[in-house]
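Residue numbers (this note's numbering), protein chains in the order written: chain A, 1 to 103; chain B, 1001 to 1157; chain C, 2001 to 2311; chain D, 3001 to 3174.
Treat the hints with caution; some may be incorrect.
Chain C side only, calculated, beta carbon under 8 Å to chain B, not exhaustive [what the hints assert, rightly or not]:
| id | residue |
| --- | --- |
| 1 | 2214 |
| 2 | 2217 |
| 3 | 2218 |
| 4 | 2219 |
| 5 | 2220 |
| 6 | 2237 |
| 7 | 2298 |
| 8 | 2300 |
| 9 | 2302 |
Simulated from the structure, these hints should not be mistaken for lab results.
Glycine is no exception: its CB is placed at the ideal position from the N, C-alpha and C atoms.
So the chains spell out like this:
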Amino acid sequence: MANSIRGRAEINADGVTHIRLLINHPMALERRDAGGQVIAAHFIEEIKASHNNEVVFQGLWGQAVSQNPYLSFQLLGAKKGDRVTIGWRDNKGESDNAEVTIS
Amino acid sequence: MQTHRRSVLRALAGLLFVRLPASLALLAPLRALAAWPKAAFDASSSADVLDQLFKGKTVQSSDAVQLEAPDIAENGSVVPVTVQTSLKGVKTVTVLAEQNPRVLVAQYSLSARSAAPVSFRLRLGKTQDVVAIVETEDGKLHKASKNVKVSLGGCGG
Amino acid sequence: MKGALLAAMLCVVPVLAGAQVQHDYLPGREKVVPHVSGDEQFSNTYRYWKDADAVRKSKAAGLQSRDVNFKDFRWLEKSFDGEAKVDMGREVFHRKAKNGKSCASCHGENGEKLKGVYAKLPKYNAKAGRVVTGPTQVKLCAKANLDEDWPENTKNNSLLDLYVASLSDGVPVAVDVSKGPMKEAFEKGRDLYFRRTGHFHFACASCHTGVATTSFLRGQRPSTFFGDAAQYPIYHFPYRLPGDDVEDIFTLQHQIRSCQMLSRMLPGEEGSPSMTAIEVFLKATSNGYPMSIPTQQYNMSTDYLKKEAGN
Amino acid sequence: MKTAMRYLLLGTLALTAVLSASVLAQSSSGDEKLDKIRAKWKPGGAEMIPQDVLTMFPCHSEELPCGKIAPPPVEKVTFKGPLEGDAKRGEAIAINVRYGNCVACHSLPGHEGGTIGPSLSDYGKRGMPLDYIYQRIWDVRVFNPNAFMPIYGPNRVLTDQEIRDVMVFITSSK
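Bound-form chain A, shown alone (with noise of 0.2 Å):
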């Protein structure tokens, strides 16, 4: 799951920092194949940001996550050329980061 996350985070005149995070995730819901059979969900359950080693934000998600899932939020007390890092973790262990630079 490398190269998963694709992020924007831009600061404005004020100060705070608008961040935008798209992930490449099937968020697969838990359904049944033609013979009755359970295939399991397969979804993002936490995903998390950091800014100077402090996590600023979490995400706790469900199966009703979209596909491919988008998040923004914002973040406080930053500034530009500063990094931001985002972290997730699936339901099957699997994970992804990555640094977006604040433009």
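Chains B, C and D: place on chain A using the hints.
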């Protein structure tokens, strides 16, 4: 029953922690981060979810919370939702889809360094109310909801 | 009773070998001109959506509602998801082939030489001896200069098609159908658009003209075809046609095929003369309308809600 | 070349379909065209209508033989009563996107639908003559050659009995 659920939760939380990859575990958890609450995510009614997450505390409708979502979702599998609030000291933002088989969609924890609006996209099985609950530092729960009609395409597209 | 009734109704579809077939057409095709303002003869809603400013003003004046505006803000807003695909397309654009060249070698580091080009496609290609669409042009160019096999409906082709189209963002569509093969293609496409076909005996125009565009098709509102093509290739998630690997990018050819399948017509072959003709018709009836790339098929962010409500 | 071959194949299929429809006589329902369609496709399921059924009808093509198929002639039919049918089945047909899909354009009793056609929610109250309703569903071109409605009869989208089921359903609202 409650006790049992919580012990299961605690056990699960332990499991999840072990499964955390090194890269994530390295991040210093400044605030007490919540573990993934399995029982709440599996619950099929709002009451159960509230019971699990907020131990049955009362939820008040509030004008200080805005839930933005389309009146008509053209595609139930990608419904954009934004939660905005003028409240100070927001601790968590929780989003529920009351008629989905699993009611709890997402819960976000904010710190003093992050803020709403929080936007994401969710799946709606059918026309229903989407509910946002904002929990503030004082422990109060503020709610807003919005009915989203899931439209069916005429030609099946 | 039933047997007799059926026998009386039993009809055999005649194939007239060689003879000119009298097709069924919906009325109105002679009114279509190759410009977006031609919509005034059809849904007559062009004045509300002819540009972003018109949309904003008519909203503010309370003139516009979802009842008349189907070229709404999602068509004008850039798609965040689509931009991620444009980035991927840019990577393919700079990827070196075995011969050491990339698309950028000829077209400029940032595709400078391709600015505005997509707004003029489809175009007659003298080398190929036929009218070609964007994806076909990508395929031919990649084969000739990079020796890469990037046929239509594959990942690299779609990503490049979207990237090249994004270089014409904001440029008004300008497909010249005044003469030669392009004129022929436009007229043929116009015929096909209004021709009734398939299991339901529908034309494209059954849903995408006049009355239908101001009504609901169950929960959907069909759009007038004028101006639509300026948004293609479009980010279309999570729908794709069987057998395609296109990174959720929907070209105009995809859109036509998808419509045909869903309304029980035989889906055409990508790049066949008929399908190209329909694309020429659709693109030329968007002439004068600014390209908006990348945009998306569904409202995938709530940003547009605020814009609809106020300013 | 590959494309040309495919066209040839599709063309042959279409031609075979058409020729056999006119030559073959016996089949289960006494209607070859209908049998041919239903043998290849069961409407109302998850499967979309397959290509070799679609090549039996006019298509958007100047290259394929189906592009030269003339439109099905207008069929004037007479309705023989009494009206007997299954309202439940009619409802299923009317609201299914891969069956009759009436709901795409019409509101129906108990179903909010499209607004391209008139609402049929209280159609039962209007007391329209049955032979009119039957003709309208079978081949609307008798009343209006430019109507948007599919021609359910001539193209065998629905069978005689299926149309009756739909009629029972839409006239059931009081």
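Tested hints:
1. For residue 2214/C, the suggested interface contact is broken, since its CB lies about 14 Å from the closest CB of chain B, more than 8 Å.
2. With a least beta-carbon distance of about 3 Å to chain B, the hint placing residue 2217/C at the interface is held under the 8 Å criterion.
3. At its closest, the beta carbon of residue 2218/C sits 4 Å from a beta carbon of chain B; the interface hint therefore holds under the 8 Å criterion.
4. A least Cβ separation of about 2 Å between residue 2219/C and chain B falls short of the 8 Å threshold, and the interface hint therefore holds.
5. At a threshold of 8 Å, the smallest CB-CB gap from residue 2220/C to chain B is about 5 Å, leaving the interface hint in force.
6. Interface restraint check for residue 2237/C: the shortest CB-CB distance to chain B comes to about 7 Å, inside 8 Å, so the restraint holds.
7. Below 8 Å, beta-carbon pairs count as interface contacts, and residue 2298/C has one with chain B at about 5 Å; its hint therefore holds.
8. Interface hint status for residue 2300/C: upheld, as the beta-carbon distance to the closest one in chain B is roughly 6 Å, under 8 Å.
9. A cut of 8 Å between beta carbons decides the hint on residue 2302/C: the least distance to chain B is about 4 Å, and the hint holds.
The structure fails to meet hint 1 from the earlier list, while all remaining hints are met.
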